[in-house]
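*Asks:* Below are the chains, spelled out letter by letter.
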Amino acid sequence: KQEVTQIPAALSVPEGENLVLNCSFTDSAIYNLQWFRQDPGKGLTSLLLIQSSQREQTSGRLNASLDKSSGRSTLYIAASQPGDSATYLCAVKHTGNQFYFGTGTSLTVIP
Amino acid sequence: GAVVSQHPSRVICKSGTSVKIECRSLDFQATTMFWYRQFPKQSLMLMATSNEGSKATYEQGVEKDKFLINHASLTLSTLTVTSAHPEDSSFYICSALTGGYYGYTFGSGTRLTVV
Chain A
102 KQEVTQIPAA LSVPEGENLV LNCSFTDSAI YNLQWFRQDP GKGLTSLLLI QSSQREQTSG
162 RLNASLDKSS GRSTLYIAAS QPGDSATYLC AVKHTGNQFY FGTGTSLTVI P
Chain B
424 GAVVSQHPSR VICKSGTSVK IECRSLDFQA TTMFWYRQFP KQSLMLMATS NEGSKATYEQ
484 GVEKDKFLIN HASLTLSTLT VTSAHPEDSS FYICSALTGG YYGYTFGSGT RLTVV
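If you're matching them up, the sequences are chains A and B in order.
Quick note on our numbering: the first sequence kicks off at 102 and runs consecutively.
Quick note on our numbering: the second sequence kicks off at 424 and runs consecutively.
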């Protein structure tokens, strides 16, 4: 059974700092991996999607990497801003529709 | 982009009563909807998959008679928690298969508290 772990569970950084969120998964036979942002009362917003054949994806200040063989992904956020404060979820998917989510990292960016 | 509207966002109910959660696809037809729940300090877990016009498929350990899912139209899926108990208190969120780059759109979630 796929298990997804995110470290750290919570992170607090001053504004402007670069940071890395970590995600690991036990079954490397994934179809893709996705990073989401979860804001209270606003559900989940997709940030980056990495297919199993890809190594990384970038969108603005966000960069996600994937090392499928070792079961790891990282989300790098550059020049953090208070508006980045949210919970970040990592989820993997095999063929089929089910997402396997991590427990998330709660990020607070201090102005 | 595709939007899934989920209501209510928060609900508090008494033990033994039933609660209905709605998810509507606003600008597309959702043939398939997924229902997840998240207990405190745990990850989102898939409860069931519903296809319009047919019975939902429940994940192992999810009681189909307790969590009634109706997907009678292409724009509306409902989850009814029947005879709710405090252990059903959780965060429930729906997701629709939308295709496109990300493939799925999530609702905003419902925080259910049973007292």
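No lab work stands behind these hints: they were computed from the structure.
It cannot be assumed that every hint is accurate.
To be verified - In silico DSS-like cross-links for lysine-lysine, where the CA-CA straight-line distance does not exceed 25 Å:
{"#": "1", "chain 1": "A", "residue 1": "Lys102", "chain 2": "B", "residue 2": "Lys487"}
{"#": "2", "chain 1": "B", "residue 1": "Lys464", "chain 2": "A", "residue 2": "Lys143"}
{"#": "3", "chain 1": "B", "residue 1": "Lys487", "chain 2": "B", "residue 2": "Lys443"}
{"#": "4", "chain 1": "A", "residue 1": "Lys143", "chain 2": "A", "residue 2": "Lys169"}
{"#": "5", "chain 1": "B", "residue 1": "Lys489", "chain 2": "B", "residue 2": "Lys437"}
{"#": "6", "chain 1": "B", "residue 1": "Lys443", "chain 2": "A", "residue 2": "Lys143"}
{"#": "7", "chain 1": "B", "residue 1": "Lys478", "chain 2": "A", "residue 2": "Lys194"}
{"#": "8", "chain 1": "B", "residue 1": "Lys464", "chain 2": "A", "residue 2": "Lys194"}
{"#": "9", "chain 1": "B", "residue 1": "Lys443", "chain 2": "B", "residue 2": "Lys478"}
{"#": "10", "chain 1": "A", "residue 1": "Lys102", "chain 2": "A", "residue 2": "Lys169"}
{"#": "11", "chain 1": "B", "residue 1": "Lys443", "chain 2": "B", "residue 2": "Lys489"}
{"#": "12", "chain 1": "B", "residue 1": "Lys464", "chain 2": "B", "residue 2": "Lys478"}
{"#": "13", "chain 1": "B", "residue 1": "Lys464", "chain 2": "B", "residue 2": "Lys489"}
{"#": "14", "chain 1": "B", "residue 1": "Lys478", "chain 2": "B", "residue 2": "Lys437"}
{"#": "15", "chain 1": "A", "residue 1": "Lys194", "chain 2": "A", "residue 2": "Lys102"}
{"#": "16", "chain 1": "B", "residue 1": "Lys437", "chain 2": "B", "residue 2": "Lys487"}
{"#": "17", "chain 1": "A", "residue 1": "Lys194", "chain 2": "A", "residue 2": "Lys143"}
{"#": "18", "chain 1": "B", "residue 1": "Lys437", "chain 2": "A", "residue 2": "Lys102"}
Said to hold, decoys possible - Simulated restraints, written as ranges between beta carbons of each label pair:
{"#": "19", "chain 1": "A", "residue 1": "Asp128", "chain 2": "B", "residue 2": "Thr536", "range": "31 to 41 Å"}
{"#": "20", "chain 1": "A", "residue 1": "Ser160", "chain 2": "B", "residue 2": "Ser438", "range": "38 to 48 Å"}
{"#": "21", "chain 1": "A", "residue 1": "Ser154", "chain 2": "B", "residue 2": "Ser506", "range": "15 to 25 Å"}
{"#": "22", "chain 1": "A", "residue 1": "His195", "chain 2": "B", "residue 2": "Gly522", "range": "41 to 51 Å"}
{"#": "23", "chain 1": "A", "residue 1": "Leu112", "chain 2": "B", "residue 2": "Thr536", "range": "39 to 49 Å"}
{"#": "24", "chain 1": "B", "residue 1": "Lys478", "chain 2": "A", "residue 2": "Val121", "range": "35 to 45 Å"}
{"#": "25", "chain 1": "B", "residue 1": "Gln465", "chain 2": "A", "residue 2": "Leu120", "range": "15 to 25 Å"}
{"#": "26", "chain 1": "B", "residue 1": "Ser438", "chain 2": "A", "residue 2": "Asp168", "range": "39 to 49 Å"}
{"#": "27", "chain 1": "A", "residue 1": "Lys143", "chain 2": "B", "residue 2": "Lys443", "range": "27 to 37 Å"}
{"#": "28", "chain 1": "A", "residue 1": "Asp128", "chain 2": "B", "residue 2": "His508", "range": "27 to 37 Å"}
{"#": "29", "chain 1": "B", "residue 1": "Gln483", "chain 2": "A", "residue 2": "Ala111", "range": "42 to 52 Å"}
{"#": "30", "chain 1": "A", "residue 1": "Pro109", "chain 2": "B", "residue 2": "Gln452", "range": "25 to 35 Å"}
{"#": "31", "chain 1": "A", "residue 1": "Ser154", "chain 2": "B", "residue 2": "Ala495", "range": "34 to 44 Å"}
{"#": "32", "chain 1": "A", "residue 1": "Ser186", "chain 2": "B", "residue 2": "Asp450", "range": "36 to 46 Å"}
As the list claims (entries may be wrong) - Heads up, incomplete: computed chain A residues facing chain B, CB under 8 Å, no partners named:
{"#": "33", "residue": "Val105"}
{"#": "34", "residue": "Pro109"}
{"#": "35", "residue": "Gly142"}
{"#": "36", "residue": "Lys143"}
{"#": "37", "residue": "Gly144"}
{"#": "38", "residue": "Leu145"}
{"#": "39", "residue": "Ser147"}
{"#": "40", "residue": "Leu150"}
Being a predicted model, the structure only gives us computed values, none of them experimental.
C-beta: ideal position from N, C-alpha, C; glycine also.
*Asks:* If you test the structure against every hint from before, which numbers come out violated?
*Replies:* 4, 12, 14, 18, 21, 22, 23, 27, 29, 30, 32, 34
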